[in-house]
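Model the full structure from these sequences, guided by the hints.
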Amino acid sequence: MALSNVLETPASGFNFENVSRNVALDGLLEGGHTKAPKPMKTGTTIAGVVCKDGVVLGADTRATSGEVVADKMCAKIHYISPNMYCCGAGTAADTEKTTDLLSSNLTIFSMTSGRNPRVVMAVNILQDMLFRYKGQIGASLILGGVDCTGNHLYTVGPYGSIDNVPYLAMGSGDLAALGILEDRFKPNMELEEAKELVRDAIHSGIMSDLGSGNNIDICVITKQGVDYIRPYQESEYKDKRQRRYKYRPGTTSILTEKIVPLELEVVQETVQRMHTA
Amino acid sequence: MFNTPDHHLGGVTFNGGVIIGSDSRASIGGYYVSSKTINKLIQVHDRIFCCIAGSLADAQAVTKAAKFQISFHSIQMESPPLVKAAASVLRELCYNNKEELQAGFITAGWDRKKGPQVYTVALGGMLLSQPFTIGGSGSTYIYGYADAKYKPDMSKEECLQFATNALALAMGRDNVSGGVAHLVVITEEGVEHVVIPGDKLPKFHDE
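Keeping their order, the protein sequence lines are chains E and C. Using this note's numbering, the letters of the first sequence map in sequence onto residues 2 to 278. Using this note's numbering, the letters of the second sequence map in sequence onto residues 5 to 211.
Hints should not be assumed to be uniformly reliable.
Examples of chain E residues toward chain C, derived with CB under 8 Å [what the hints assert, rightly or not]:
| no. | residue |
| --- | --- |
| 1 | 132 |
| 2 | 158 |
| 3 | 160 |
| 4 | 163 |
Here are the simulated BS3-like pairs of lysine-lysine, each with C-alpha atoms no more than 27 Å apart in a straight line [said to hold, decoys possible]:
| no. | chain 1 | residue 1 | chain 2 | residue 2 |
| --- | --- | --- | --- | --- |
| 5 | C | 102 | E | 135 |
| 6 | E | 53 | E | 224 |
| 7 | C | 88 | C | 160 |
| 8 | E | 73 | E | 241 |
| 9 | E | 196 | E | 73 |
| 10 | E | 135 | C | 40 |
| 11 | C | 155 | C | 117 |
| 12 | E | 135 | C | 71 |
| 13 | C | 204 | C | 160 |
| 14 | E | 135 | C | 68 |
| 15 | C | 40 | C | 88 |
| 16 | C | 40 | C | 204 |
| 17 | E | 53 | C | 40 |
| 18 | E | 196 | C | 40 |
| 19 | E | 187 | C | 204 |
| 20 | C | 68 | E | 98 |
| 21 | E | 187 | C | 155 |
| 22 | C | 207 | C | 155 |
Anything over 12 Å on all C-beta distances counts as not near chain C; from chain E, calculated [said to hold, decoys possible]:
| no. | residue |
| --- | --- |
| 23 | 67 |
| 24 | 68 |
| 25 | 69 |
| 26 | 104 |
| 27 | 108 |
| 28 | 113 |
| 29 | 114 |
| 30 | 201 |
| 31 | 236 |
| 32 | 237 |
| 33 | 243 |
| 34 | 259 |
| 35 | 269 |
| 36 | 272 |
I should point out that these hints are in silico values taken from the structure, not numbers from a laboratory. If you're wondering where the values come from, they're calculated on a predicted model, not measured in any experiment. Using N, Cα and C, we set each Cβ at its ideal position, and we do this for glycine too.
This is the structure in C-alpha cells:
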C-alpha cells in the first residue's frame, strides 16, 4: 500500500529504540512524584449483530489510561467506507490509525477501480497488515458492513486471525456482552429488536466491566444507508459540575511589562510562478 | 494470547475418494472458547482441501499465500494441481518460516495422477504421505481407535462412519475440541460438505 512519507522512506518494521529510553525515563520518574503516562487503551465493550435488513454495531465510549478515564466520549465506531464501519478495541492509537489507513486505501481503490469495496476485501487487507506486524499492533476489530453480496460481520484479532460470524462482542467487557447476545440472538431479527439487543449487550459490558462505561453509541448499516447514533443512550451517572472552573480575566496580576521590538530586515526576496494547469 | 484452533482433525482415503474432517472450536489459552464455529477446512483448490491446526492467525495467513501460489501454479501448468504439489507449497511456507510460524496442516484431495491422497505437513515443515492420518491435540485420544478400525479400500459410507466416530471420540475426551463436526468428501465427481451438530454425533457411553 502507498505510504505518504515525503521526507524519507522509513525503515521496515517497528523501531524499538525508544524502549531503552522509556526504561531510563521510568527510572528517573520513579524516584520523583510523577509516573510515566500509560498508553491510552480502550478497555472496551464493542458488539455487532447481523439482522434481516443490515448490520448493527455498538460500542461504549470510555477510554482509559491506566486507572484514569482519559476520554468519556471516545468514538470507537470508525468510518471505513459509506457501507462499512469498524468498532475497535485495544490500544486507542492502533485502532484509530489502522482503521484510518484502511479507509484511505479503500477510497483510493474504489476511485481507481470504479467499484464499491466489499466487506471481505477490507477484512483481507486488515488481516494482511495485522499478521505482518505479528501482534505488535494491538487492535481487535469488529468490521461490519452491507455490500452487494449481503450483510457481513467479521472479527479481526490483533495477530491477524479472522472469523465471519452473525453476532460478536470484543474488548474487556466481551464476556458480559456475549452472555446477553448468546441468550437473545436469533437469525433474521428486525432492526429495532437488533438495536435493543446490541444496546443491552453494551450496557451489560458497561455495568460489569471497569474498563467500559459512560455512553453507548450505535451504528446501523443498511442497504439504504447508515444511521450513526451517537450517543444512543447517555449514562445515567453523569455528574454536574459543582462550580465555575473558568478563570476570569485579571485573575493573574501583571507585575512588570517589558516590550522588545524584533528588528527584521528583508534579506532576500524570490518570486516563483505556480503553474496550476 | 492468541487464537488457537489446535484441536482435532483427520484425513482418510477410501475407494474412490478422500474424507477430511475436523471439529469447530478455537480457543485462547485453552480456557476460553473464542469461536464455536470456526472453519478449519480450507479449500485451496477445486479438489484439494487443507485442515488447519496451531495458531489461527498463522494458519490463515499460510493458507492464503498457499491458495494463491497453487492457483497460479495451476494456471501456468494449464491443468489442476497435484495434491502433492499443494502439500509441497504448504511445506515450503512452513519450513522456510519455521521460526516465526506455529501452524500444521493436513492436506487431502483427489487428482488424476494418483487419485485420492492424504498428506501431513507438520509444524517444522515435514511432509509425509499416508493412507490416513490424524492430528491436533485431540488426536492423541484416538490413535488406538484409528489404527484398529482403519481398513484400506473402504466404501464411502464406511469411511464416513469411521471419520465421524473418530471425531466424536476425540471431541468427547479433549477439552479444546468441540462444537460441530465438519466433514468434506472429495471425489473425482466433486466435493460434498457434511456438517454434524454436536448433539447428533454418535455417543460412546456418554451419560
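Ascending list of hint numbers which this structure does not respect: 15, 21
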